[in-house]
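Protein chains in written order, with this note's numbering: chain A, 485 to 852; chain B, 485 to 852; chain C, 485 to 852.
Hints in this document: simulated from the structure, not taken from any laboratory.
Ideal placement from N, C-alpha and C gives every residue a C-beta, glycine not left out.
Be a bit skeptical, because a hint or two may be false.
Claimed, not checked - Among chain B residues calculated to face chain C with C-beta under 10 Å, some are: (1) Lys549; (2) Ser785; (3) Gln816; (4) Trp818.
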Amino acid sequence: MDHHVHGALKDDVSQSVFETLITESDRAIPAWMSQFDSQVGFAIRRWCAPVLGLPRHAAAAEYMKARASLGTDEVNRRLLSGAGVGHFLVETGYRGDEILNPEQMGQSAGQRASEVVRLEAVAESIVESGVTAKSFPERYVQALANATTHAVGVKSIIAYRWGFDFEPARPAKVAVIEAARNWLEAFANGGPLKVEDPVLLRFFLWAGVDRGLPIQLHTGYGDPDLRLDRCNPLLLTPWIKLIEPASVDIMLLHCYPYHREAGYLAQVFPHVYFDVGLGVNYTGVQSEQILAESLELTPFSKLLFSSDAWGPAELHYLGSALWRQGMTNVLQRWVDAGDWSEDDAIRVVNMIATENATRVYKLAGGRS
Amino acid sequence: MDHHVHGALKDDVSQSVFETLITESDRAIPAWMSQFDSQVGFAIRRWCAPVLGLPRHAAAAEYMKARASLGTDEVNRRLLSGAGVGHFLVETGYRGDEILNPEQMGQSAGQRASEVVRLEAVAESIVESGVTAKSFPERYVQALANATTHAVGVKSIIAYRWGFDFEPARPAKVAVIEAARNWLEAFANGGPLKVEDPVLLRFFLWAGVDRGLPIQLHTGYGDPDLRLDRCNPLLLTPWIKLIEPASVDIMLLHCYPYHREAGYLAQVFPHVYFDVGLGVNYTGVQSEQILAESLELTPFSKLLFSSDAWGPAELHYLGSALWRQGMTNVLQRWVDAGDWSEDDAIRVVNMIATENATRVYKLAGGRS
Amino acid sequence: MDHHVHGALKDDVSQSVFETLITESDRAIPAWMSQFDSQVGFAIRRWCAPVLGLPRHAAAAEYMKARASLGTDEVNRRLLSGAGVGHFLVETGYRGDEILNPEQMGQSAGQRASEVVRLEAVAESIVESGVTAKSFPERYVQALANATTHAVGVKSIIAYRWGFDFEPARPAKVAVIEAARNWLEAFANGGPLKVEDPVLLRFFLWAGVDRGLPIQLHTGYGDPDLRLDRCNPLLLTPWIKLIEPASVDIMLLHCYPYHREAGYLAQVFPHVYFDVGLGVNYTGVQSEQILAESLELTPFSKLLFSSDAWGPAELHYLGSALWRQGMTNVLQRWVDAGDWSEDDAIRVVNMIATENATRVYKLAGGRS
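Bound conformation, chain A alone:
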């Protein structure tokens, strides 16, 4: 159960474009370096090369050649089905026209796929299609209800757009209308569609709480749009306490390098969950240590698996392959030392891999 993932690429890409998709940097890649020379690059050559018919550690150029000759459809089919994921919860709010939608993801992998709706994308879509400031609050709530009819969760990227150091209380309606007015006027005058006003971002979060589905929050490591130190999940503590009566589950995504902090929140607050998704793919062989560190304070019923893959299906595959390998190594070591029983180790793996997500997202029946 990959509880937070995006679509795989639809189209073939050149090596230079591919390299921009295996880093969180959005800058041009300097001529003196290759993004393949990184943990994620080495992991692709180690894990995905055999899936494409090459030996382990095949050179990057050789890898890209095999990829091009197989074509994106076949690469997607091999890597998505090879990931061994039975159910993808696909978040659709980012550059959706370049990637497979949930239905296509399910088809390519031969498995189930459900949708997670990005709170900010719903707002941007009603602004694009036309709305007045005064009607904005109601229109947003309605649009969110419509967009999530079949969704299993919602997602907030307030980490990118502002940070977690926001005023936690539900904003007053008058303040929301005022902020909407500023945004709409700026947009009408050629300003960006991208919503960055903290009052609006908080309003979306609270609308998510009212909607009642689990709320995924991008946490920690991500692209340079964010200020990493303002994405420390501990900054969410006041808001986490405020929404506690609503019994809505909070899913902290990735969390690196704040996964120990996330484990603390997952222990002390019944409605807080987390994963180390993106931090697994991008640390490659070092993800074994990250996974071990994610198994410290948290009750095992509060940890989930995700890949956060977007674009190259290598990331969908790797998220799963590295997680399986890392968990196997860590738990086997503990079992061999006599510190955990083998039965417990298997039970914990099943909780993190499928059972916790099945319960939180109210999905039918474990593995498909």
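With chain A fixed as given, assemble chains B and C onto it according to the hints.
Chains B and C in isolation, oriented as in the chain A frame:
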């Protein structure tokens, strides 16, 4: 030498109550989970089950059954004496009527026990017994002197009540009286006894400095009363510098996940010490990594052992068992690699286990 | 290529002085402890004792005796040449009269040495030799140009003098003159030469940007002059973004315990590099874990080697010995597990050891 510990439970407890005592969460435990499914729960089943006559990894229900059939007195006797702790420094300020007092702890373990006095509890006791705002500062100093006649140290929980981001200077007497007046009035009108005013909390800390005994400070990980990021020990730096001339030792307790930061403070300030107490029990098999990380910047004369156990004697036992196992694994690895000598490893273990505490708290003679 | 290092001691030192030079503390060492009882102390006895003709783990007193009998020149010769460093980039701004200058370093080691100029030292030297506030900005720029004629980089210690939480924009000239006036007046009235005004410190940084050489920044762990939490490199993010158009490379030094954060910045910003220099020496055998953690998010083309040694040539030797041993252990483990190829491991070591520094500092030809 367990330099920071609380009493063991006096009475039998059900499994549901027991589970609330093996987490720092103070929330009700949801029906879909068991706190036994956590590192500390697995560690109890692995380490304590054999002490109660069960096989390693016995199921939680089986464990609780054996515990009930032996009875709390026998469970305490086995686990407290089995911990192999020669001297407990017992902090008495939290829910003292449910747990053994220092004398009873010593009797149950067959070992020595001394007292550590909580600074805030002294204040709350004089407010309960009646005091005027004007006389509060003198009364507090007197009460602290009385309470610590036989104590070996004091403890501050300013981390819980405010955070380490406090104004470091000694507060003016007039400000203390004013803050005491507000507290007393609120308490008279049905407000809480619990002291949370930062001026008063600082006043207690400075009174502790004047008293001259080592000052233990809860640091880092703890229950959701605290804001974890405001318990980063680096926030104490200005206060640590201010009190340096007083030559009073500062004992940073637990520190997880800020134990590397604590190691830095212990290296650069002669009067700063630390332990990773609570972080050992609650990370179970992962405590080996925490212990290794605690052995980075600190001089070995600045690190101590504690369990921070409160309540179930399993925590008293585990604190010791996990520390012994973790230290053995880490140091043996370094000795086997030729990086440390075996003599040095044994010497460092003795420093951390008993010698440093014996010196700082001016206790007679090492192991009893 | 040790891209950030200082000179080795010129003169013989007693054990008590030596111990003050193997800690970042500037406090007197209490009688009840020895700085040899620390990771760096154990590493000296393990790694340097054989270089001085003693067995591994020789006692500290024995070690100091051998050191005294060989004399500082011979100790320097053995340890500096034994470090196997082909090129030292020597930063000269700190207590330069007690240590070898770059030329002497090169001679003692039998290798190349180049100079890195401390931005703040240039300012202090022109204040010492006399300058008016009004002419200060131009005089500084001229003095920096003169001081760096043959330099390969500059260094900022704004971390020590203020912290990274500074206003990122280039300060207005009028503000610089005003700040210089205050500094000069205070200095004329017996105040310290040491510059601590944040406007001036920012001015030096921006002058460094204009100068165009790579800018080294002390980051993270250091002596108690700094507030460690204000040296988290993430606090530099706004400034890093502001200077991006200048195409000047930023070298984050040491970074412990924020090396994961540094790895993030190195991934997302093309002009950010880092090392874990000082954090290797002072964590001894634990540096293996630090090195592994430094190999997470960063592209391998963005990581460098440094020792940050100052004074005892043991630190120059250890920086190299620990790095070689730690990298060997970490990469061999990954190769043995089949996760990295041996060719890749060797290639990455060469990038970090020499190629990245050679490219960034525009040095001729790799190993000398």
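If any of the earlier hints don't hold here, list their numbers in rising order. 1, 3
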